[in-house]
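Undergrad: Given the sequences, and given the hints that come with them, work out the whole structure.
As numbered in the working numbering, residues 8 to 160 make up the sequence shown, in order.
Treat the hints loosely; a few may be bogus.
DEER-style ranges, computed between Cβ atoms [as the list claims (entries may be wrong)]:
1. P41 to D140: 45 to 55 Å
2. L29 to E132: 18 to 28 Å
3. A138 to L112: 34 to 44 Å
Calculated directly from the structure, the hints in this document are not laboratory data. On a predicted model such as this, the values are computed, not experimentally measured, just so you know. C-beta atoms are modelled at their ideal positions from N, C-alpha and C, and glycine is treated no differently.
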Amino acid sequence: MLRHKSLHPLSHQHHNGLALGLLVRRALEADRSPSSVKVQSRRVLDRFELELVNHFALEEELLFPAIETELGPHPLVHSLIADHRHLELLAGRLREDPADETTLLEFVELLRRHIRAEENELFEEIQGRLAPDTLERLGAEFETRAVRICIEP
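TA: Structure follows, in structure tokens:
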């Protein structure tokens, strides 16, 4: 699936989110000790604060309003916003108890499903339905405001 260039900054962040989940799952497969779970929780919380908070803001302040302005109410957008709130709740739980493996795994699984829905459903639809000038305007904002991080193993 080719992605419209305006969505590349968000797709780059999605790639990082998927990689994060994979790295966390692999680390836990190798070591499920409480200290390992804490290290992985810290990794998730660092990425959450550095990149995901920014990503949610870009979508909620720019992308989702543009979609609803041009295309009308969109049920998937409302579901994705609910995912954002749930991920924030799970991040809060990890801050309180970084040794909570169940919450950590729930976070990375929800993040994976959320990203797949955005990439495979929402982005696929909107890159063909939003006006070209809207996509260009959004792309310029995303380029300016997106936090770009290289994820490390």
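Undergrad: If a hint holds in the structure, say so; if it does not, say that too.
TA: Here is what the structure says about each hint:
Take P41 and D140: their Cβ atoms lie about 53 Å apart, and the range 45 to 55 Å holds. For L29 paired with E132, a C-beta distance near 26 Å keeps the hint of 18 to 28 Å intact. Checked against the hint of 34 to 44 Å, the C-beta distance between A138 and L112 comes to roughly 40 Å, which is consistent with it.
In terms of the numbered hints stated before, the structure departs from none.
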